[in-house]
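Please model the complete structure; the sequences and the hints are all you need to start from.
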Amino acid sequence: MRKDRPCILRVEDVTMQFGGVVAVNNFSMEEYEGEIVAIIGPNGAGKTTAFNVITGVYAPTNGRVSFNGDCVIENYPHGKMKKGYLGENAGKYTKVLEPTPDRLTALGMARTFQNIRLWKSMTVFDNVLIAKHLKRTSNLFSATFGANKAEEKQQREEADALIETVGLAGVRNELATSLPYGKQRRLEIARALATEPKLLLLDEPAAGMNPQETVELTKFIGEIRDAFHVTILLIEHHMDLVMDISERIYVLDFGSMIASGTPAEIQANEKVIDAYLGVTDDA
Amino acid sequence: MKKILAVALVLCLVLALAPMAFADNPVVKIGVFEPQSGDNGAGGKQEILGMQYANMLTPTVEIDGTTYDVELVYADNASANDKAPTAAQSLISSGVSLVLGSYGSGVSIAAGDTFAAAEVPAIGVTCTNPQVTSECDVYFRICFLDPFQGTVLANFAKSELNATKAYCLAKQGDDYSGGLCNYFIEAFGKDNCVYEQFPEGTSDFSTYITNAQNQGCDVFFSPVSTEAAAQIIAKANTQAIGMPILAGDTWDSNVILNAAKGTDVKICVTTFYQEGADPEFDKGIKEWIKSDATALANNGGNDELAAVTVMGYDAYYVALEALKAAGSVDPADVLEVIPSVEYTGVTGNIAFDDIGDALRDSAFVKSCNTETGVWDFVTVATVK
Amino acid sequence: MKAVKTPEESRLISWISFFAVLIFLGLVLLLDQLIKPTSSVYMLMTVLQKGSVYALAAVSMNLLNGYTGLFSLGHAGFMLIGAYTYAIFTIPSTSRDTVYQYFDAVVRFSFPETFSNAMGPVGTALGVLVAVILAGLLAAVFAYLIGLPVLRLKSDYLAIATLGFAEIIRAICQWQKLGPITNGSNLLKSFARTSKFKVAVGGLKLTLSTFVPVLIATVSIIIIVKLINSTYGRAFKAIRDDEIAAEAMGINLARHKMISFTVSSFFAGVAGAMMAMVLSIAQASNFKSAMTYEILLMVVLGGIGSTSGSVIGSFLFVAASEWWLRGLDSGSFLGIEAPNIFRNGFRLVVFSIIIMIVVLFFRQGIMGEREISDLIILRRRKRKAGKEAAK
Amino acid sequence: MDKTILPYIISGISVGGQYALIAIGYTMVYGILRLINFAHGDVFMVSGLLMVYLAAALPLTVAIPLVIILTVLLGFTIERVAYRPLRTAPRMSVMISAIGVSYLLQNLALYITGGLNKNYPQIPWISDRVTVLGMETSRVTIITPFLTIILVVLLVLLINHTKIGMAMRAVSLNFETSQLMGIRINSVISATFIIGTFLAAVGSMLFFTNYPGVVPTSGAMPGLKAFVAAVFGGIGSIPGAVIGAFIIGICESLIKGLDTILIVNGTITEQIGLATFSDAFTFVLLIIILVFKPTGLFGEKTTDKV
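Protein chains in written order, with numbering that gives the first Met the number 0: chain E, 0 to 282; chain R, 0 to 383; chain L, 0 to 390; chain Y, 0 to 305.
Calculated directly from the structure, the hints in this document are not laboratory data. Beta carbons: idealized from backbone N, C-alpha and C, even for Gly. Some clues are possibly wrong.
Stated by the list, open to error - Pair by pair, the computed Cβ-Cβ distance ranges are:
hint, chain 1, residue 1, chain 2, residue 2, range
1, E, T261, L, I222, 54 to 64 Å
2, Y, I111, R, E61, 40 to 50 Å
3, R, A292, Y, T76, 27 to 37 Å
4, E, A267, Y, K292, 51 to 61 Å
5, R, V26, L, Y143, 37 to 47 Å
Claimed, not checked - Partial selection, computed: residues in chain E whose CB lies under 7 Å from chain L:
hint, residue
6, F17
7, K119
8, A130
9, R135
See the structure below:
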């Protein structure tokens with residue numbers, strides 16, 4: 000644990016209930032700057048739900064999330080929620096900040112998706128460039144009438160640099176969806192990095208990859224942590240990858256956290272072996 | 000595929016522009032600017048009938064020593080104000096010397112600008128709203144005006160029908176019914192009138208009839224299109240309206256007769272012509288209508304004459320007079336002479352005042368005989 | 000296929016488009032002088048006038064439906080606001096009382112008049128311009144207010160809600176009690192219209208009847224294209240492609256949807272104002288949902304997500320329905336005489352069948368998602384490759 | 000009840016019943032395909048025109064069943080030709096196709112009728128004048144609500160107690176899963192269109208007997224209103240659609256008479272033209288429902304998955 004460094008993400012007592020189903024039950028965790036932390040657990044353990052709560056997609060039934068020292072999500076008990084937000088999940092949001100995903104991204108939290116969500120009609124370059132939209136200073140008029148040429152040029156250069164760094168320069172002008180799976184994953188990470196996040200959340204980055212690609216990805220994740228000075232939180236099925244790169248691991252089963260600790264501790268934990276490693280390691 | 004499409008489109012274009020085959024005589028074109036579809040489609044077709052009949056009787060005209068064949072060029076304004084300018088433009092582009100029409104005032108007002116810009120004269124046949132001519136220098140007309148007609152109807156309602164409170168129903172945004180209602184109300188007294196408008200596409204007239212009944216009106220004035228009229232009459236019958244229905248010249252149509260036949264609704268209208276005023280003409284046109292299947296269909300399936308048909312007939316001859324007087328087929332020349340044209344037609348004397356309106360001071364009042372399904376003559380009304 | 004352009008190619012395209020637009024405008028100006036209303040080919044001018052109105056309407060609808068993925072059917076309503084605003088503020092004071100024949104008009108000034116009193120003939124043009132911009136702004140304000148509740152709705156619910164709002168706007172404009180402003184449900188006319196757009200430049204009389212609407216449409220469409228190519232336009236496309244990903248990448252959905260909706264409505268308002276000046280009348284009953292459907296079909300015909308497609312689609316639509324296929328309505332077409340088949344309404348039947356074929360079998364429309372510039376670039380590359388191969 | 004208001008209520012209930020019969024077609028199709036079938040209102044109009052032409056040539060006893068059969072055939076064909084090929088296409092494409100079909104039907108009607116108003120034939124007995132509660136009206140006004148309710152009860156029985164009904168419910172709950180479970184989606188969809196258009200044909204007979212004028216745009220407004228009724232009641236819910244339709248019918252009729260009602264009450268002294276809003280009111284209702292209770296009165300809640 001790097002408790003000497005500032006705490007980037009703190010999740011306290013988060014519970015997420017869908018109707019009668021408790022997807023996440025009283026989950027708490029913390030992560031410090033520069034760490035790579037993983038959340039693991041069998042299918043349906045509530046990992047992605049936890050992710051969606053942290054990134055503001057779902058408002059938790061209960062609990063609090065603090066990011067970079069600020070409380071960004073806090074819910075009233077009994078699901079009494081504020082209805083100010085007009086987006087995808089109208090009426091689901093909580094009192095602080097109305098933490099919609101875009102606002103959290105603006106604060107410095109960026110994510111990838113388990114089932115890759117690239118903008119499919121656009122090229123690799125455009126995918127990265129659009130993520131830079133967040134960082135613009137131009138308004139509608141200056142952007143339309145070309146008064147932001149310098150910024151536009153700079154953003155384009157930054158996007159190109161990013162594509163170069165993640166090794167996609169050769170396919171810069173290809174349609175994003177025409178890339179092989181591994182490259183799509185990389186592109187999604189590059190796109191998230193383009194928002195200049197402090198915390199990068201990766202949702203099963205190695206899903207569907209072969210061992211060779213997984214090894215490359217493991218290396219890649221380590222590299223980007225160092226190159227971009229980001230903190231990384233990942234959900235993963237691939238035990239190899241998790242054990243190799245994470246500094247700490249939280250284990251979820253049926254929505255509840257059953258263990259946490261270093262990879263070595265987790266590997267030795269009997270509860271984890273029973274609930275997860277011994278039962279459904281399909282990776 | 001795309002190339003074939005492109006070639007086909009170009010071909011369409013060329014053929015559409017290709018000149019028509021020439022006839023023996025030179026041709027003078029008269030534009031017929033009438034609704035053939037939409038709310039006023041039925042009325043427009045009846046008005047065209049008169050022109051077609053006249054054209055059949057007199058297919059040529061001698062202009063400045065040369066005999067011309069008269070060709071009627073049609074444009075459907077679809078009873079819609081937004082379609083009117085384009086329809087008018089298509090007539091102008093096809094080289095007409097002057098234009099006749101339209102049935103319905105709104106389309107004439109809407110197209111006035113287009114005619115004015117091209118300096119092509121137009122003679123309104125039955126468009127009665129004052130603005131048709133007052134706001135357009137190239138528009139003339141051979142019919143009476145709404146202020147006159149509205150006053151005649153209001154006087155008739157008061158003196159003949161002993162009405163004290165009138166219910167007026169117009170169609171929203173329709174210059175004909177709205178204008179006529181307005182002048183009727185002016186003459187009848189604003190405080191004694193209930194004025195309502197129904198939106199386009201209304202099919203439920205029962206509530207309006209209920210409104211009239213509930214407010215204790217004793218005459219129902221609804222100078223609307225014949226399409227709406229048929230439905231109003233049907234509802235008036237089933238709801239036992241209990242007051243006479245009064246309307247303007249549009250209702251002088253066999254659509255109304257058909258709808259009213261066999262009901263107990265009392266209907267009175269003002270109009271331009273009473274059948275029997277010129278028996279020879281009546282006989283001729285009726286025979287023609289019966290002999291021509293299309294004409295018969297356009298007249299609603301029987302040979303009952305509509306006043307607008309007769310007006311269309313007269314309008315054609317006024318147009319020929321104008322061409323003769325101008326001695327040229329150039330629209331500008333025709334425009335110059337129209338104000339001085341005079342003609343005695345089946346519907347009476349036709350001459351224009353300095354605004355371009357016809358000098359007419361009398362209207363026929365007719366009532367519908369619901370047993371036989373014909374019009375009964377009531378009176379000739381004038382305004383002093 | 001869409002072509003990704005190199006900087007050199009982009010420059011080339013900007014020059015080509017610049018000159019193409021210039022030549023096109025010059026040509027229109029020339030035709031305006033040559034073709035008089037009585038000419039048999041004046042239909043060309045009508046098509047240019049109406050086509051430019053619909054082109055702008057279609058491009059602005061495409062911004063919303065094609066680029067942002069918001070299926071809105073409220074276009075006719077915003078065009079209505081634009082048309083009315085323009086008409087009301089440009090009726091000359093001498094005609095005001097005859098236009099408002101049943102009401103006491105409240106608005107008693109006209110921009111062209113006020114400005115021309117102050118500045119002479121230039122003022123008239125400026126007045127028209129101000130009225131057009133005001134038309135757009137008012138439509139945008141309404142769009143903003145409507146957008147607050149409806150933009151959170153999903154696809155078809157959004158469509159039906161915007162359709163409903165367009166109908167509500169129409170009813171309000173027709174309300175008798177608003178007569179002093181809107182002239183009730185009656186016709187607005189006598190305002191500044193294209194048939195009166197004529198100027199005298201040093202003894203030379205110029206007709207601008209077609210040039211003005213074409214110019215306004217061209218400038219507006221160029222602005223929309225610039226917006227689409229800007230960082231905001233890219234954000235719109237991201238929302239269209241994947242809303243959840245867009246939100247996760249920091250794009251504020253509510254804000255960006257609102258921007259797209261109001262900008263689209265602004266230009267719909269401008270198109271409405273142009274519609275009024277071209278038709279020389281404005282009346283609420285003409286702005287029915289059928290008008291929205293027609294614009295939508297133009298967009299589909301051209302290809303959803305292609306601006307040049309929308310422009311081509313609308314000119315084709317207008318030319319075919321107003322001009323080329325007219326013969327189908329009047330007895331003879333392509334030399335075939337068949338008055339019993341080719342009678343009133345047949346043109347529209349043929350037309351709707353063509354559209355159904357496009358919708359069912361050529362879902363991409365004429366252009367798909369490509370632009371004319373993509374075609375030029377691809378062609379150029381092919382030629383270059385051919386030359387190199389020959390070497 | 001107040002003698003002034005009664006006629007409006009009765010007329011409203013009657014219109015409501017006719018809207019209800021159309022609304023069921025919307026709600027069933029939307030429930031299964033998630034498609035606003037914009038052409039449904041036009042099918043209703045075409046059914047009216049068929050009656051006009053067939054009744055002119057054939058006796059009514061033949062014409063009526065024939066009209067129903069032909070209308071059903073039309074609905075079935077539209078689904079086959081215009082919607083089925085787009086089953087996997089984005090929702091916007093299908094909706095555009097529906098708008099295209101509506102455009103085609105209207106233009107076809109315009110061509111065939113020449114754009115003229117066609118008088119709907121008088122169906123004897125139901126178009127006779129009757130006196131109810133001291134009020135004169137036509138018999139169809141009185142019959143409509145009862146007939147509507149009988150048909151709806153039959154339909155609900157069909158959906159709850161037959162195999163095809165069960166299949167319909169399954170498909171509307173989950174399209175893909177039902178397909179995997181071996182339900183023949185295409186026949187279920189065809190059945191939905193057949194039932195929907197059958198009811199629209201019956202609705203059209205009642206509607207046009209009541210308001211005997213058919214024009215190409217006759218179907219557009221009733222169609223939209225019926226759709227709003229379906230949304231109001233909660234899309235997918237048949238009782239919801241019926242109740243929604245009755246509410247809209249009655250409100251519409253009352254608004255048309257509101258000026259008169261208020262004048263007779265003495266609330267206002269002169270006409271204020273509220274009748275202008277009789278159509279717009281329907282949409283105000285729609286927007287209120289969509290904004291505050293998007294699932295309608297009886298709609299089931301859906302959860303979105305990320």
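Quick rundown of the hints versus the structure:
Checked against the hint of 54 to 64 Å, the pair T261 (chain E) and I222 (chain L) passes, with Cβ atoms roughly 58 Å apart. At about 42 Å, the beta-carbon gap between I111 (chain Y) and E61 (chain R) stays in the expected band of 40 to 50 Å. One distance hint, 27 to 37 Å for the beta-carbon pair A292 (chain R) and T76 (chain Y), holds here, with the actual separation near 32 Å. Between A267 (chain E) and K292 (chain Y) the CB atoms are about 54 Å apart, so this pair conforms to the stated range of 51 to 61 Å.
Roughly 57 Å separates the CB atoms of V26 (chain R) and Y143 (chain L), a value that falls outside the hinted 37 to 47 Å. Interface restraint check for F17 (chain E): the shortest CB-CB distance to chain L comes to about 17 Å, outside 7 Å, so the restraint is violated. Given the 7 Å rule on beta carbons, the hint for K119 (chain E) holds: about 6 Å separates it from the nearest Cβ of chain L. Interface hint at A130 (chain E): satisfied, since its Cβ lies 5 Å from the closest Cβ of chain L, which is below the 7 Å cut-off.
Evaluation of the R135 (chain E) hint against chain L yields a held restraint, the C-beta minimum of about 5 Å falling below 7 Å.
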